[in-house]
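Can you build the whole structure from these sequences, using the hints too?
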Amino acid sequence: MLSGKALYIFYMKTKLITAMLLISFSSMAQELYVYTEPASNMAAKSIGLRLNNFIMPESYTAKTNYHMIPEIMVGVSKTTMVHFDAFLSNRNKGLSVEGGSIYAKYRFLSNDEVQKHFRMAAFCRYSFNNSDIHQEEINLYGHNTGFETGVVATQLLHKVAISSGLSFVKALDNGNSNKFPYSNLDRQAINYTLSIGKLMLPKDYTDYKQTNLNLMLEFLNQFNLGSGKYYMDIAPSMQLIFNSVARVDIGYRQQLNSSLYRTAPNGLFVRLEYNLFNAY
Amino acid sequence: MKTFLFLITITISIAANAQVSKVSLQASGLTCSMCSNSINKALKTIDFVQNVNPNIKTSTFEITFKEGSSVDFDKLKKKVEDAGFTVASFVAFVNFANTEIKANEPVKVGDKTFYILNAKEKSLNGAKQVRIVDKGFVSTKDFKKNTLAAPTSGNGVYNVTI
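Line order of the protein sequences matches chains A and B. The opening residue of the first sequence carries number -13 in the working numbering; numbering runs sequentially from there. The opening residue of the second sequence carries number 121 in the working numbering; numbering runs sequentially from there.
Please note: incorrect hints may appear among the correct ones.
What the hints assert, rightly or not - Result set (DSS-like, lysine-lysine): computed pairs, CA atoms no more than 25 Å apart in a straight line:
#1 B:177 with B:195
#2 B:222 with A:102
#3 B:261 with B:198
#4 A:102 with B:255
Unchecked claim - On the chain A side, residues computed to face chain B include the following (Cβ under 10 Å):
#5 28
#6 65
#7 69
#8 90
#9 93
#10 98
#11 99
#12 142
#13 147
#14 244
#15 248
#16 252
#17 256
#18 257
Worth flagging that the hints you see were computed from the coordinates, not collected in a lab. Every residue, glycine too, gets a C-beta built ideally from N, C-alpha and C.
Structure below.
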């Protein structure tokens, strides 16, 4: 566990990195965010394959939680896409399957201009999970059974994209008789996010084989409607795109402030993604 | 005589085939190369498309067509939209053969009918760049600039400027 001083130094470092990123972002990104989804969808008839990995040290023990989430994304039409996820983790014994999730997004507004757009989409997620509930934070990505529904708006301005999402989350009882252990009112929360992304490389596009580098900065927040408790996280990340089909995302999520009991809020995220266009 | 007939047949078929030699379309709503690639790959799945030459920087795609095929403009536009984007500009390179232009009368070239909104010349000959100005083929801003002549567009009938 980190001492108070070490935490303070880390906090100051994070603040400095944030400030530096914000300065570089303010000049002019891209919207293939690492921790959130933009209002845009993938192309119709395309399929994306992802392997998501969370490596999160537990705050109150020496254990490190590893969550592995294989994901399949399907572009159903120009306005609708669906994700299917499986949740695996090492929290109990070995690496075992704990649940799954289905996510759908519908783009209902699209104002396109050359190298610009403003788009809005509505999304919903249903997740189920059989593991024990061990924290007040509601997390439908590998922890809680429940549903989420919300809207997201994204503005693309040449090399920069800014996106914001607002959603309602409701936790249900987990499977395997793992009941929600807190007050019934605490099952409901609001998630709100702000994401900024910037295309750094290449400076000049000449062909599809050029490796792209995107930098992202995301703010991930939750407010519990029952208890009034909250968390505020910051998540800087970098993204490499190879051959315009494959993607590697590396991010770090850091709690800035929280009054919610959370077991492993901070940690590393690594995603591998491959896209198949005109797959069916 | 046989050779003569054969030559005539060839000449006619070349004239018929090369009515639309190329389309240059610009897509809007994107910057990244993965987005551009999704359009590029979608256009390449069309049966009458020979080749797609993308310019990622300007989101422009130069499309050439297989010989003897009928080019469906609406299908090209639909592929861009299915990829999640919008057509901002659509220019077809059309070959005219001494086509007479009369006021308020559409021009027929092969299986397509063009309502030319800004016709200045009395007749059209040779390769001309024809810009489609119907909804979905131009940006929303540019769409408002023209008063359309064709009552309905699509299915081979288009409002164009030259």
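Hints, one by one, checked against the model:
1. B:177 with B:195: holds (24 Å)
2. B:222 with A:102: violated (40 Å)
3. B:261 with B:198: holds (20 Å)
4. A:102 with B:255: Roughly 19 Å separates the two Cα atoms, so the pair holds.
5. 28: holds (7 Å)
6. 65: At 8 Å from the nearest chain B Cβ, residue 65 of chain A passes the 10 Å test, so the hint holds.
7. 69: Constraint on residue 69 of chain A not satisfied, violated at 16 Å.
8. 90: Hint violated; residue 90 of chain A Cβ to chain B Cβ min 16 Å, cut 10 Å.
9. 93: holds (8 Å)
10. 98: holds (3 Å)
11. 99: At about 5 Å, which falls below the 10 Å cut-off, the nearest Cβ of chain B leaves the hint on residue 99 of chain A intact, so it holds.
12. 142: holds (7 Å)
13. 147: holds (8 Å)
14. 244: violated (34 Å)
15. 248: violated (34 Å)
16. 252: With a closest approach of 29 Å, the residue 252 of chain A hint is violated.
17. 256: Since the shortest Cβ distance to chain B is 19 Å, the answer is violated.
18. 257: Interface hint status for residue 257 of chain A: violated (14 Å vs cutoff 10 Å).
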